[in-house]
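**Student:** Sequence:
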Amino acid sequence: METIGQRIKRFREELSISQAELAQRCGWLSQSRIGNYETDSRKVSVEDAVVLAKALNVNPGELILGTPDNASFTSAGERYLPLVSYVQAGTFTEPDNLLSAEGAKGHVMYDGPISEVAFALKIKGDSMEPEFKEGDTIIIDPMVAPHPGEFVIAKNGDHEATFKKYRLKANGSFELVPLNPDYPTIDSDIQPVKIIGTMIEHRIHRRKR
Numbered sequence: 001m002e003t004i005g006q007r008i009k010r011f012r013e014e015l016s017i018s019q020a021e022l023a024q025r026c027g028w029l030s031q032s033r034i035g036n037y038e039t040d041s042r043k044v045s046v047e048d049a050v051v052l053a054k055a056l057n058v059n060p061g062e063l064i065l066g067t068p069d070n071a072s073f074t075s076a077g078e079r080y081l082p083l084v085s086y087v088q089a090g091t092f093t094e095p096d097n098l099l100s101a102e103g104a105k106g107h108v109m110y111d112g113p114i115s116e117v118a119f120a121l122k123i124k125g126d127s128m129e130p131e132f133k134e135g136d137t138i139i140i141d142p143m144v145a146p147h148p149g150e151f152v153i154a155k156n157g158d159h160e161a162t163f164k165k166y167r168l169k170a171n172g173s174f175e176l177v178p179l180n181p182d183y184p185t186i187d188s189d190i191q192p193v194k195i196i197g198t199m200i201e202h203r204i205h206r207r208k209r
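Note that the sequence shown covers residues 1 to 209 in the working numbering.
What the hints contain is simulated information worked out from the structure, not anything from laboratory work. None of these values were measured; they are calculated from a predicted model. A couple of the hints might just be wrong.
[Unchecked claim] Using 27 angstroms as the maximum straight-line C-alpha spacing, the simulated DSS-like pairs for lysine-lysine come out as follows: (1) 133 to 194; (2) 122 to 194; (3) 133 to 54; (4) 105 to 124; (5) 165 to 54; (6) 133 to 105; (7) 124 to 43; (8) 122 to 105; (9) 54 to 43; (10) 194 to 165; (11) 165 to 122; (12) 105 to 54; (13) 9 to 43; (14) 122 to 9; (15) 169 to 9; (16) 165 to 124; (17) 169 to 194; (18) 105 to 194; (19) 169 to 105; (20) 133 to 165; (21) 9 to 133.
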């Protein structure tokens with residue numbers, strides 16, 4: 001079975017570019033990261049996989065999962081996504097550490113094109129109020145790279161994931177911004193942060209009066 005490192009090398013060689021050229025395309029200073037990835041001596045984070053896929057002109061799902069370019073997303077149709085906890089979502093930091101439906105807290109139906117590794121999460125806490133309230137359900141797709149202003153699930157060093165607004169900075173780093181001003185902004189220049197996935201749907205929980 002072809003590893004993700006072998007796929008990186010194969011796609012790079014198909015473009016006839018060196019490790020140094022690929023690193024430059026990714027915005028990385030050293031080619032050593034590419035070398036480590038290609039030999040599978042270093043695990044590829046989901047965030048880096050998205051960057052690599054763009055630099056290699058392939059779909060992220062094709063790079064991570066080895067699926068054809070048009071097969072990393074399921075066709076439109078009803079599908080049950082695993083409903084996971086913040087702790088479970090926080091474990092999705094490597095492409096080979098996919099969330100399993102076996103440990104899910106439940107399942108949520110979704111109708112539309114979405115990747116095979118998408119999952120659902122229930123909002124907890126009030127850091128994203130007033131737009132997102134505790135009990136609301138969000139659909140997250142790790143194969144969708146975030147654009148500025150979109151909402152993401154990320155891991156900031158703790159065991160649990162965090163849900164925040166994604167804001168890109170001029171130097172290429174980013175901030176995770178809470179909508180509730182009582183909570184602090186997380187800056188990737190100050191503390192290590194990994195994007196887990198991008199929100200593609202928000203379902204409001206209707207509260208009983």
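**Student:** Please go over all the hints and tell whether each is borne out by the structure.
**Tutor:** Outcome of the hint check:
no.: 1; hint: 133 to 194; verdict: 24 angstroms, holds
no.: 2; hint: 122 to 194; verdict: 20 angstroms, holds
no.: 3; hint: 133 to 54; verdict: 34 angstroms, violated
no.: 4; hint: 105 to 124; verdict: 14 angstroms, holds
no.: 5; hint: 165 to 54; verdict: 22 angstroms, holds
no.: 6; hint: 133 to 105; verdict: 19 angstroms, holds
no.: 7; hint: 124 to 43; verdict: 30 angstroms, violated
no.: 8; hint: 122 to 105; verdict: 10 angstroms, holds
no.: 9; hint: 54 to 43; verdict: 18 angstroms, holds
no.: 10; hint: 194 to 165; verdict: 14 angstroms, holds
no.: 11; hint: 165 to 122; verdict: 16 angstroms, holds
no.: 12; hint: 105 to 54; verdict: 33 angstroms, violated
no.: 13; hint: 9 to 43; verdict: 14 angstroms, holds
no.: 14; hint: 122 to 9; verdict: 38 angstroms, violated
no.: 15; hint: 169 to 9; verdict: 30 angstroms, violated
no.: 16; hint: 165 to 124; verdict: 15 angstroms, holds
no.: 17; hint: 169 to 194; verdict: 15 angstroms, holds
no.: 18; hint: 105 to 194; verdict: 24 angstroms, holds
no.: 19; hint: 169 to 105; verdict: 36 angstroms, violated
no.: 20; hint: 133 to 165; verdict: 14 angstroms, holds
no.: 21; hint: 9 to 133; verdict: 44 angstroms, violated
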